[in-house]
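K.L.:
In this text, residue positions in the sequence shown follow this note's numbering: the first is 1, and each later residue adds one.
Don't read these hints as lab results, they were simulated from the structure.
Just so you know, even glycine gets a beta-carbon here, dropped at the ideal spot from N, CA and C.
Check before you lean on any hint, since a few could be wrong.
Straight line, CA to CA, 20 Å or less: simulated EDC-like cross-link-like pairs of lysine to aspartate or glutamate [as the list claims (entries may be wrong)]: (1) 59 / 48; (2) 55 / 70; (3) 50 / 70; (4) 59 / 70; (5) 26 / 16.
Cβ-Cβ distance ranges computed for the label pairs, FRET-style [said to hold, decoys possible]: (6) 42 / 5: 49 to 57 Å; (7) 111 / 14: 48 to 56 Å; (8) 77 / 46: 34 to 42 Å.
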Amino acid sequence: MEHEHVLSALTRKRAELAGEIRAIEKRYTRVTRDLEHLDNTLRLFDPDAKPETIKPRTKRQQPSRFGPGEMTRAVITVLRESEAPLTIREIAERLGEAMGLDMSTTKAASQVVANVRAALARPHDGLPGEKDGKEPMRYHVV
1 MEHEHVLSAL TRKRAELAGE IRAIEKRYTR VTRDLEHLDN TLRLFDPDAK PETIKPRTKR
61 QQPSRFGPGE MTRAVITVLR ESEAPLTIRE IAERLGEAMG LDMSTTKAAS QVVANVRAAL
121 ARPHDGLPGE KDGKEPMRYH VV
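Construct the entire structure; sequences and hints are all you get.
P.N.:
Structural data, given as structure tokens:
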């Protein structure tokens, strides 16, 4: 057949999507059942309760650019490559640049700064900070 490799790839992709749909349907069934049980429990405590009037709330998840421990490793790598101690904001700028983020937006900059601050808040051997007068804390790797 002339297009055998294309048909093979399309068949694999279709099987993958069909499997995804099946998993979503199973989760939907399980969550629907859990909701029914919760509604029944609410009615046990308050027979006049109308759970269907409770407004649904969506839990938002922000995609993480870093897996567990990756942010800390990235921060330490930036500090190792630096010739001088850096502030949290300077570290965040270098990481944002490396990740291809537009650090001119407040949201992106704030998120990266918060992640760097959290990574540095955990104790690490060989990662001291220096404080020079009123300037912000500067970090370097020993």
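K.L.:
Determine for every hint whether it applies to the structure shown.
P.N.:
Structure-based check of all given hints:
no. : hint                 : verdict
1   : 59 / 48              : violated, 27 Å
2   : 55 / 70              : violated, 37 Å
3   : 50 / 70              : violated, 46 Å
4   : 59 / 70              : violated, 25 Å
5   : 26 / 16              : holds, 16 Å
6   : 42 / 5: 49 to 57 Å   : holds, 55 Å
7   : 111 / 14: 48 to 56 Å : violated, 37 Å
8   : 77 / 46: 34 to 42 Å  : violated, 55 Å
The structure fails to meet hints 1, 2, 3, 4, 7 and 8 from the earlier list, while all remaining hints are met.
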